[in-house]
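Chain A is already provided as a structure; the job is to place chains B, C and D on it using the hints.
Residue numbers (my numbering), protein chains in the order written: chain A, 1 to 420; chain B, 421 to 840; chain C, 841 to 1260; chain D, 1261 to 1680.
Hints listed in this document are in silico derivations from the structure and should not be mistaken for laboratory results. Think of the CB as a built atom: it goes at the ideal place given N, C-alpha and C, for glycine as much as any other residue. Incorrect hints may appear among the rest.
As the list claims (entries may be wrong) - A few chain A residues that face chain C, going by a derived Cβ cut-off under 10 Å, partial list only:
{"#": "1", "residue": "T286"}
{"#": "2", "residue": "K290"}
{"#": "3", "residue": "L292"}
{"#": "4", "residue": "V293"}
{"#": "5", "residue": "Q294"}
{"#": "6", "residue": "A295"}
There are 4 protein chains.
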Amino acid sequence: MNFAISAELQDLLSRIEALMQTVVYPLEPAFLSTRFSLLAPQLQAARARIKEAGLWAPQVPAELGGMGLSLLEHGLVSEALGKSPLGHFVFGCQAPDAGNIEVLHKYGTPEQIDRFLLPLCKGEIRSCFAMTEPDSPGSNPTQLHTRAVRSGDEFVLDGRKWFTTAADGAAFAVVMAVTNPEAAAHQRASMLLVPTSTPGFELVRNISIMGDANDGFASHAEIKLSGCRVPATNLLGPQGAGFLIAQERLGPGRIHHCMRWLGICARSFDLLCQRALSRKIDATETLADKQLVQAMIAESRAEIDAARLLVLQTAWRIDQAGHEGHAPSKAASGHAKTHAGASGFAAAQEDVSLIKFHVAGVMQRVVDRAVQVHGAMGITSDTVLSYFYAHERGSRIYDGPDEVHKLAAARRILRRYARS
Amino acid sequence: MNFAISAELQDLLSRIEALMQTVVYPLEPAFLSTRFSLLAPQLQAARARIKEAGLWAPQVPAELGGMGLSLLEHGLVSEALGKSPLGHFVFGCQAPDAGNIEVLHKYGTPEQIDRFLLPLCKGEIRSCFAMTEPDSPGSNPTQLHTRAVRSGDEFVLDGRKWFTTAADGAAFAVVMAVTNPEAAAHQRASMLLVPTSTPGFELVRNISIMGDANDGFASHAEIKLSGCRVPATNLLGPQGAGFLIAQERLGPGRIHHCMRWLGICARSFDLLCQRALSRKIDATETLADKQLVQAMIAESRAEIDAARLLVLQTAWRIDQAGHEGHAPSKAASGHAKTHAGASGFAAAQEDVSLIKFHVAGVMQRVVDRAVQVHGAMGITSDTVLSYFYAHERGSRIYDGPDEVHKLAAARRILRRYARS
Amino acid sequence: MNFAISAELQDLLSRIEALMQTVVYPLEPAFLSTRFSLLAPQLQAARARIKEAGLWAPQVPAELGGMGLSLLEHGLVSEALGKSPLGHFVFGCQAPDAGNIEVLHKYGTPEQIDRFLLPLCKGEIRSCFAMTEPDSPGSNPTQLHTRAVRSGDEFVLDGRKWFTTAADGAAFAVVMAVTNPEAAAHQRASMLLVPTSTPGFELVRNISIMGDANDGFASHAEIKLSGCRVPATNLLGPQGAGFLIAQERLGPGRIHHCMRWLGICARSFDLLCQRALSRKIDATETLADKQLVQAMIAESRAEIDAARLLVLQTAWRIDQAGHEGHAPSKAASGHAKTHAGASGFAAAQEDVSLIKFHVAGVMQRVVDRAVQVHGAMGITSDTVLSYFYAHERGSRIYDGPDEVHKLAAARRILRRYARS
Amino acid sequence: MNFAISAELQDLLSRIEALMQTVVYPLEPAFLSTRFSLLAPQLQAARARIKEAGLWAPQVPAELGGMGLSLLEHGLVSEALGKSPLGHFVFGCQAPDAGNIEVLHKYGTPEQIDRFLLPLCKGEIRSCFAMTEPDSPGSNPTQLHTRAVRSGDEFVLDGRKWFTTAADGAAFAVVMAVTNPEAAAHQRASMLLVPTSTPGFELVRNISIMGDANDGFASHAEIKLSGCRVPATNLLGPQGAGFLIAQERLGPGRIHHCMRWLGICARSFDLLCQRALSRKIDATETLADKQLVQAMIAESRAEIDAARLLVLQTAWRIDQAGHEGHAPSKAASGHAKTHAGASGFAAAQEDVSLIKFHVAGVMQRVVDRAVQVHGAMGITSDTVLSYFYAHERGSRIYDGPDEVHKLAAARRILRRYARS
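The following block holds chain A by itself, in its conformation from the complex (with noise of 0.2 Å):
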């Protein structure tokens, strides 16, 4: 075992630190008091920075003009690009942007990557994946009721989505739709790309989150399709293979989550121990002098820490178990993140499964205490917290409940122990 960072990545994780410092925490202030849309220029500069700096798509593999991290280096970036809202957007690995990506170019056919996949690496155009329905629970998705009708050499697409993240101002969608009804229960669905200027696609609303809609990149839509017509060759992957292709897109994604999470979790530590510091009481004390603002800071400094090595243990045998009989160097490991990565995901399932459920917990207590540290201004939009506090909630929510997630992994962990 050894847990040191290489100087190499650790010099990369202070570029990006100083980055973070320069180019984006400036613009957090304007995030939380205007609408995401009205910050497109300043966003557009910043994202030509990081791009100036090298910097510009970190998990994207190096042949698709990005850095071509493994899982574990990401991993790292990932926490340190968490620990703004809108550092993963101005460095370009920003969910669900970055999912599509791996997916079009896992499955991509070469028109699709020309039209799809390479504006979206750069950045000229952003997506989005809509998968979830209002009516159906999202852990099962064999209750989908979106369909894709085939009609001549064109599917005519018919449901309702919600919860599609960056709708508002997305190029294109990936939806996944039921084109095999009478298929075996996981090979009804396919993934189709569909462009949101299309007829019939029409973006309902921005979802309310705790009263703030936003839009742009920072929404979460509601789609209505009514008879959208797409041509034959959107199909991205096989037709039927939508739940399987969900599937690998989900478990890289949570581990992202997870990434950033801690990231959130780095920042909202910092910023309790500042406010703590500088707060002051009475002429000689501060919030940190206080034997319970003490305990918050040791109690989640221990929860941080853990679940941080969890995540990032979870991360390596992914790496590893999708990396069997390749160099580990860095262009490998990247290519066989996105190639291999399946069965590097099948063979940590329980693992993702553990740490998506904690580590959100862990969030949600942390960011609860620094809340907490910061009184009545931990509340509002004067510090980035509130943002936290409101808009992670959802954190054991998406890409599948706590629960579903706990009872997930005590059936795989059962199955062993029946075994022996």
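Positioned in the frame of chain A, the structure of chains B, C and D alone reads:
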């Protein structure tokens, strides 16, 4: 001991519950999706229906046109009203007006009563209470920066306030300001009645709470006072008595909050159970069939019921302590609450601290579980739960954070043990 | 609602508290450092003093020589007695005798009353209740393995029991055994009175609880029944009514446990505060000056007070439901509790489940905090806290584990929502 | 970062696990049901088998006949051994001997090494460490009352100690006593080697822990020193260096405890899962089918795995800090741990405090859940879980209570933020 509620009170609660169903809940979807000020006509109509039903202003003494309930009775009413963020407003017993009414009733001059109290009781105008300041800890009121300097027969106010709830649209503010800077620490401040139309009274902004600033009654303002002049007759209560009056005001305020929070618990619990029963997982089961959801239900029920009795016992003790020598008639009881309440609250300070942090904690957990059971919808403004989640996070901070109340209660308890 | 305790009851509680101080607590050090049986003479003397004081057997109906308290009244008495592991024993209301007295009072034949009930009420003999079996889940009593086969005018018992509390030294056992194996699931078992001197009744061992097996009343035995013959007249209640009677017995038993646990909470809280005040950290401070200890005090106080009211409300509801048509006189109340209790407990099953797990949880946390504040001494037998810690861990298991009560309560609650 | 364990270490752990199964676990039932001293012959035989297998004393430097493992390596070994309360004893690395060996190795004179260290390493004798006193807080060692007064070429010791683990049957004690009462606070005490046969060394009692005093190695004694004379050459290390050496000793001690606790977690988790799978609820289901049990499993797994990595990272950091300029060979590593460890532990004090309270908390929760799933059996001495439950409650107290470590860690963290 007798845990029964009188038939008369039970009947009152049933009538209130019916009006909540028919008058208040129907307004919630609009409340959750737009600004408060846009609802003014509907709310006016709703209030008229409550007045017609004879249920206006339950906590206001009978001689001022209210129902003159005891604190225990009002506690049960407040629980019923707290089920909706609009309940107290529609029934005319909303903070901060309720607290201002109490103070004006006890300390108001005949002129102040005519000009400020009577229209407030009728709901013709709204008021606000400007005490908290952005740069000093709310838990140490001796660090107040706002000044009111006597100049002839006027006071000139200068300073900054924030979290001045409902300042937007209020006719006047009760402002806490230092009038006697050389006096003993707790005798420096006074309360002054400041019409919001006074030159120099500036509403800087409505503070965004987790991304939602709202407006009107449902907002919390930052206020700037710059050379703001009011007649010396606008002094509310004796000069230098600001802290004393604030304490008298905060005691009942905390009880009222606890009672309202029990309403939030009750509503959240209802929604949790209803959602569990209606949300299908597959062809045969709903969420209500799941053990993990059942455990949430049982734990919430026990915590709510226990916390509820603790609040009601505290209200009862305050009623008892305040009633010395009075017949327990309803009118007397209401009167006593306002006038003799100080002794009751003094006797119950330990209890008030205990319920302040305990009930806020129960509420946070119950709301959190209800959000979780609602899945993705739980974090959207499609349900009142997300409003509770975001806007009641403040409950563990305002009127004294958890930590302050825990330490205060423990020190009182320890003093008893030290004596014995 | 009225949270006051009558002057009469308050006086009774004061007298009990005085006797706890002078008669019971002085016996604790010996109890904690030696076997129970060696304390017999001192305990006999202590019981004599209680009888002299007219406080013997508070829960026993007046016509049997007890005080005939209502369940609510007994709840408060039980809280006072529960402060010591010896309290209930010294005052003659200890489990399992108390439950056996209730059952014998309701179902006993004149002969059974003379031979078993009367000496039990006087404290001349002890009894035990043999229901739990080592190889079947206590939460599913239909899986009972012990058999009682009719043979002439006798029953022949064969089987194994464990956790038969206080069997060591008991004069007789109430044994639950299958007499009608072909009957419907809940009508297979009966209760039988089995003198422990009966051939074939073997006390295999006193089970060691966390390393401490103790003996006499303070032990839990494993029992083997091998061809153990008792006259058919030793049937207690109707044949096949074993489960029905067990349920009737368990309802009050759970309430009694909860009340006793509140006494444990009260004592632990006293010890925590006293220790905090007396333990010096350095020249100027004690543990009571530490915020982390203060937080434990406040959190414990709030949790205890809230849980206490929940238990008392439940007792009050059972008293009410059992009293239909009876005057609320004390004698009637006591009588009603025993005879009409079944309906009361049926009405309160949801409440009983809620307090069973909730109060056990509060107790575990409060005892744990008191142990922590006592430091190394807290885990030694130099303090009663370690006894509570080790021996009351069972509280979350016996008479239905937490999990069973949570699910049972939730299902009852959900049924109400499903109907509405 | 690399989370892999070398094939060599993996092989060692497998061999240890096999010996735990065949040699150690079979001794547990006797250990749980009788006194330790009665097991002496079996334990002697078990130790012989470990020595034959070449696995004796894994933490002892190679030149003293041990395996010379690094702290990280020993951490994994300790986890394997900690699965049984007998593991460390049977493998010759039990506290307090392990700590005494470290101190003697570093500070012992040739004569002390011959007389005390070598037989200790071979397991021929046992020792104890007498530091804690009944009347002074363990967290403030400057309040030590025991005195050692120079008298000619002897020291005369007077004082009281308690929680002197394994004093019963020990050949000698390392006693902490004040030799220089006028010196600066942390330079007053020294360590002295006191054979237990010295006149005036009295073992007052083995302290009962939750009703179980046990004896021999498995006991904690109260000691009285009355005019107890030892030659001045029995001074261990420099006079006045007692606190310094105690700190050096406690650092690794806390790590060793954490590692052992992970073993307790691992065993409890195994037992929990096995019990869940084997305990039938009815004809078709076991406890493993229950969601509430599954949730316990998943939560425990996540907490254990995360805490485990935090401990291993801390051990790795100490290894790194202690190895400056050394090749990471195994022999060097073991040597370095003892000799250069001070710098490593100094660097890791924050981490050590974090794991001390965090892992103790995880262990308490995991053991508690395992007890719960075992039902009534869980609290009996029929399972090792009840031993863990009772005897490891001390883990949150000994070597610094939770509260002390939380505050210490927080203050170190805050100092970093204050500087930045």
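Here is how each hint holds up against the structure:
Annotation: interface hint on A/T286 violated; nearest CB of chain C at approximately 14 Å, more than 10 Å. Among the interface hints, the one on A/K290 holds; its C-beta lies about 6 Å from the nearest C-beta in chain C, closer than the 10 Å criterion. Taking 10 Å as the C-beta contact cut-off toward chain C, the hint placing A/L292 at the interface holds, the least distance being around 5 Å. A hinted interface residue such as A/V293 counts as satisfied when its beta carbon comes closer than 10 Å to some beta carbon of chain C; here the least separation is about 9 Å, so the hint holds.
With its C-beta approaching chain C no nearer than about 9 Å, A/Q294 sits inside the 10 Å limit, and its interface hint holds. At about 6 Å, the closest approach between the beta carbon of A/A295 and any beta carbon in chain C falls short of 10 Å, and the interface hint on this residue holds.
Hint 1 from the list above is the single one not met by this structure.
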